[in-house]
Amino acid sequence: MDSQSPTLECVTTDLNIVACDQRDKIVPATVSSANNLSFVRSPSTTSCQHLHAKRQSRCGSMAGRNSISISVGSGSGRKKKKKKDKRRSEGEVEEIVSCASAIYKCYPLKDLTINSVLICCGPGNNGGDGLVCARHLKLFGYNPIIYYPKRTDSSLYSNLTTQCVGMDIPFISKLPDKENLNKEYSLIVDALFGFSFKPPVRPEFADVIGALLETKVPIASVDIPSGWDVEKGPPDEGLQPELLISLTAPKQGAKLFKGKYHYLGGRFVPFHMANKFNLNLPEYPGTECCVSLI
Numbered sequence: 001m002d003s004q005s006p007t008l009e010c011v012t013t014d015l016n017i018v019a020c021d022q023r024d025k026i027v028p029a030t031v032s033s034a035n036n037l038s039f040v041r042s043p044s045t046t047s048c049q050h051l052h053a054k055r056q057s058r059c060g061s062m063a064g065r066n067s068i069s070i071s072v073g074s075g076s077g078r079k080k081k082k083k084k085d086k087r088r089s090e091g092e093v094e095e096i097v098s099c100a101s102a103i104y105k106c107y108p109l110k111d112l113t114i115n116s117v118l119i120c121c122g123p124g125n126n127g128g129d130g131l132v133c134a135r136h137l138k139l140f141g142y143n144p145i146i147y148y149p150k151r152t153d154s155s156l157y158s159n160l161t162t163q164c165v166g167m168d169i170p171f172i173s174k175l176p177d178k179e180n181l182n183k184e185y186s187l188i189v190d191a192l193f194g195f196s197f198k199p200p201v202r203p204e205f206a207d208v209i210g211a212l213l214e215t216k217v218p219i220a221s222v223d224i225p226s227g228w229d230v231e232k233g234p235p236d237e238g239l240q241p242e243l244l245i246s247l248t249a250p251k252q253g254a255k256l257f258k259g260k261y262h263y264l265g266g267r268f269v270p271f272h273m274a275n276k277f278n279l280n281l282p283e284y285p286g287t288e289c290c291v292s293l294i
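Here the sequence shown stands for residues 1 to 294, where the numbers follow full-length UniProt numbering.
To be clear, the hints were calculated from the coordinates, so they are not data collected in a lab.
DEER-style ranges, computed between Cβ atoms:
1. His272 <-> Phe171: 39 to 47 angstroms
2. Lys255 <-> Lys198: 15 to 23 angstroms
3. Ile114 <-> Asp207: 18 to 26 angstroms
4. Lys258 <-> Ala206: 20 to 28 angstroms
5. Pro108 <-> Ile294: 16 to 24 angstroms
Think about it this way: if two alpha-carbon atoms lie no more than 16 angstroms apart in a straight line, the pair counts; the simulated EDC-like pairs of lysine to aspartate or glutamate are:
6. Lys198 <-> Asp229
7. Lys178 <-> Glu214
8. Lys216 <-> Glu242
9. Lys150 <-> Glu204
10. Lys258 <-> Asp236
11. Lys174 <-> Asp207
12. Lys258 <-> Glu242
13. Lys255 <-> Asp229
14. Lys216 <-> Glu184
15. Lys150 <-> Asp207
16. Lys178 <-> Asp207
17. Lys260 <-> Glu242
18. Lys198 <-> Glu231
19. Lys255 <-> Glu242
20. Lys183 <-> Glu214
Everything numeric in this text was worked out from a predicted model, so none of it was measured. Positions of the beta carbon are idealized from the N, C-alpha and C atoms, including for glycine.
All chains should be built: construct the whole structure from the sequences, respecting the hints.
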């Protein structure tokens with residue numbers, strides 16, 4: 001892998017942490033060390049997302065990452081009103097999770113015979129990460145192509161889409177067939193479903209999940225492979241990506257990841273929060289915003 005990759009500067013100014021009402025139920029846990037990796041589990045399947053700047057894109061509330069203690073709960077925290085303080089915006093957070101940097105490290109352009117990357121985006125936060133990833137990959141010299149079958153009625157995602165269009169990143173409305181998918185792309189980015197996914201897969205995404213299961217093209221999954229349970233891992237015959245880019249901290253289900261590369265992105269957890277919850281986050285080298293865990 002090429003260690004001299006482009007990096008996106010991570011500026012963490014006055015990042016405030018928001019915990020949900022059930023923060024007393026958070027189980028302090030060692031998160032991840034590159035040498036002694038452990039994983040975060042959610043304390044409850046009914047609680048909202050806790051800790052570290054809940055992602056509340058629809059409300060415009062400050063967002064951190066998919067929270068250090070992950071819950072697959074109802075997401076009731078999204079309904080809280082926006083507070084006027086120094087919280088980081090949702091869009092800012094998506095800009096610094098460094099998915100594209102992790103991809104560059106694992107699949108540098110000099111090693112690829114085809115520079116085209118298919119970005120499969122879902123309707124939620126994971127899809128937003130995919131849109132940002134596509135734009136950064138374009139800046140790094142790749143040829144990203146976006147498949148975005150169900151767009152979200154949100155100004156944030158509309159703006160991210162507009163930015164991609166402005167950079168001449170094409171959107172396709174239909175996936176290529178299996179043969180052309182294998183022939184036309186060097187990598188597929190899975191940014192369909194995140195930590196809040198609940199089975200079964202909805203009909204509008206059945207085709208793309210089926211294509212990802214059948215393709216020979218390497219897959220890079222953002223945060224958690226699509227279709228996986230955040231705590232229990234993959235279903236039978238579930239998606240098995242070659243690269244997993246965990247965000248903020250590896251989710252409990254990532255213990256069952258057996259791919260070639262596992263990176264952690266999201267270098268914005270304040271030291272006082274890491275200390276408060278006994279988090280053993282890995283050391284990021286230099287100015288890097290992502291770090292290899294294996």
